[in-house]
Amino acid sequence: MEDNILEIRGLSKSYGDFRLSEVNISLTRGYIMGFIGANGAGKTTTIKLIMNMVKKDSGEIKVFGRDHVKDELYIKNKVGYVSEQPVFYENETVAWNVNFAKKFYDRWDHALFEELLIKFKIDKFKKINQLSKGMKMKTALAIALSHHPELLILDEPTSGLDPIVRDELLGILMEFIQDENKSVFFSSHITSDIEKIGDYVTFIDKGKIILSEEKDTILEEWKIVKGDAIQVDNYKQDLIGIEQTKSYFKALVKDFHAFKAKYDISSLVIEKPSLDDILLHLTKKGN
Amino acid sequence: MFISISNQDPRPLYEQIYDSIKTEILKGKLMPGDALPSIRQLAQDLKISVITIKRAYLELEQDKLIITRPGKGCFVADRDIKEITSLNLHEIERQIREVVSKAKKTGVLRQNVEQIFNKVLEEEY
Chain A
2 MEDNILEIRG LSKSYGDFRL SEVNISLTRG YIMGFIGANG AGKTTTIKLI MNMVKKDSGE
62 IKVFGRDHVK DELYIKNKVG YVSEQPVFYE NETVAWNVNF AKKFYDRWDH ALFEELLIKF
122 KIDKFKKINQ LSKGMKMKTA LAIALSHHPE LLILDEPTSG LDPIVRDELL GILMEFIQDE
182 NKSVFFSSHI TSDIEKIGDY VTFIDKGKII LSEEKDTILE EWKIVKGDAI QVDNYKQDLI
242 GIEQTKSYFK ALVKDFHAFK AKYDISSLVI EKPSLDDILL HLTKKGN
Chain B
13 MFISISNQDP RPLYEQIYDS IKTEILKGKL MPGDALPSIR QLAQDLKISV ITIKRAYLEL
73 EQDKLIITRP GKGCFVADRD IKEITSLNLH EIERQIREVV SKAKKTGVLR QNVEQIFNKV
133 LEEEY
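From first to last, the protein sequence lines stand for chains A and B.
To convert a position in the first sequence, counted from 1, into our numbering, add 1.
To convert a position in the second sequence, counted from 1, into our numbering, add 12.
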């Protein structure tokens, strides 16, 4: 079996004045990777490139160890994909839409789909345009799960959803990876969801990957430091994304262990960062 | 098994899980031979990443508190009473050390610490 369920090497794509450059991502089986970035950073483009819905300029994408263009059909049969705005026939019922969608999958399991409808509390006789945003997302997810995918690729699944549905989704994803051969790759700008269940985190900014690591390692080694503005010069060379006012400064420190050994930190306030903090300081201009 | 985790806690999550399970074992709430939930099951129950639980279990195993039987899962390790007593003493010493060093840092006099300590001993034992 291949080493990585998803492997992206040197992926590039330009259109207009946007450029996705030299993207590298790898995800092993059994884990969840969160893909974080601001709107317009290149998350959706990267995902569409993986799905071969947009043609790449250069680079290599392998899913299940196979080329994503040459073995597109093989791959799509084993990938569950939910786009940011799932496409349905809005005036038709859930059941009608599913009858349409299931033809595209060799391994469609209708019994499983019916089971998921009950579990997600979806009324299949309702028209799509009568469903709430959360219900629509869950319908798309139920379709994505019903052909026994090994890899789930979700583009902003939690955006615009209330906390209850978001939490429900996290539960569904955790259940999915109870099978250690399965993985999830999901993009979000709501980092708290990824902070909970993500095993790995990849940050993207202006078309470039700026950090891709085990989440726990990041949250353990990186710290937010705050201090009096007059002291900022003492530490400047090791601070990332300094935010400064007349009275205080706040910045990110990458290797806190080394930082602690190098400086007297007794007058600084040290905090655990959130993934939001890390994104914010890493993408701050001037770094 | 109760696992207490909190985002407000300064300890990393894996350490909170490690400490919770260790406490349950030392208190005798989890007995030798008791099965622990699988790594993935516990991750799902707590809605926490698999890697975090993995690390907690790995450290519990390294400290010989639990054992992994391939294909069967994780179990609380056998240990004799002497070992548990010594582990408990170790934990107590660690906590006392913490308190004493805090007292020292904040300028509390040694004799005052002794007085408080003796008072608590009198009351509790």
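There's no promise every hint is true.
[As the list claims (entries may be wrong)] Here are the simulated lysine-lysine pairs, DSS-like style, with alpha carbons at most 27 Å apart:
1. B:K34 x A:K56
2. B:K59 x A:K273
3. B:K59 x A:K120
4. B:K117 x A:K273
5. A:K49 x A:K79
6. A:K251 x A:K261
7. A:K273 x B:K94
8. B:K117 x A:K227
9. A:K209 x A:K273
10. A:K183 x B:K114
11. A:K137 x A:K103
12. A:K261 x B:K59
13. A:K183 x B:K59
14. A:K79 x A:K63
15. B:K66 x A:K255
16. A:K273 x B:K66
17. A:K227 x B:K114
Just so you know, these hints were derived from the structure itself, not from any lab.
Since we're looking at a predicted model, the values are computed, not measured.
Tested hints:
The suggested pairing of K34 of chain B with K56 of chain A is violated, with an alpha-carbon distance near 52 Å, which exceeds 27 Å. The suggested pairing of K59 of chain B with K273 of chain A holds, with an alpha-carbon distance near 20 Å, which does not exceed 27 Å. Between K59 of chain B and K120 of chain A the CA atoms are separated by roughly 18 Å; this keeps the pair inside 27 Å, and the hint holds. Taking the CA atoms of K117 of chain B and K273 of chain A, the gap is about 24 Å. The hint holds against a cut of 27 Å.
For the hint pairing K49 of chain A with K79 of chain A, the CA-to-CA distance comes to about 16 Å; that is within 27 Å, so the pair holds. With a C-alpha separation of about 16 Å, the suggested pair K251 of chain A and K261 of chain A falls inside the 27 Å cut-off, and the hint holds. Taking the CA atoms of K273 of chain A and K94 of chain B, the gap is about 38 Å. The hint is violated against a cut of 27 Å. At most 27 Å may separate the alpha-carbon atoms for a hinted pair to count; K117 of chain B and K227 of chain A meet this at roughly 23 Å.
Among the hinted pairs, K209 of chain A with K273 of chain A is consistent with the structure: their alpha-carbon atoms are about 25 Å apart, no more than 27 Å. The hinted pair formed by K183 of chain A and K114 of chain B fails the criterion: a straight-line CA distance of about 48 Å is larger than 27 Å. Between K137 of chain A and K103 of chain A the alpha-carbon distance is near 17 Å, which keeps this suggested pair within the 27 Å criterion. A C-alpha spacing of about 32 Å is found between K261 of chain A and K59 of chain B, which places the hinted pair above 27 Å, so the restraint is violated.
At roughly 17 Å between alpha-carbon atoms, K183 of chain A and K59 of chain B fall within 27 Å of each other, so this suggested pair holds. Using a Cα cut-off of 27 Å, the hinted pair K79 of chain A and K63 of chain A holds, with the two alpha carbons roughly 13 Å apart. Between K66 of chain B and K255 of chain A the alpha-carbon distance is near 24 Å, which keeps this suggested pair within the 27 Å criterion. For the suggested pair K273 of chain A and K66 of chain B, the alpha carbons sit about 21 Å apart, so the restraint of at most 27 Å is met.
Distance restraint check for K227 of chain A and K114 of chain B: the Cα-Cα separation of roughly 23 Å lies within the 27 Å cut-off, and the hinted pair is therefore satisfied.
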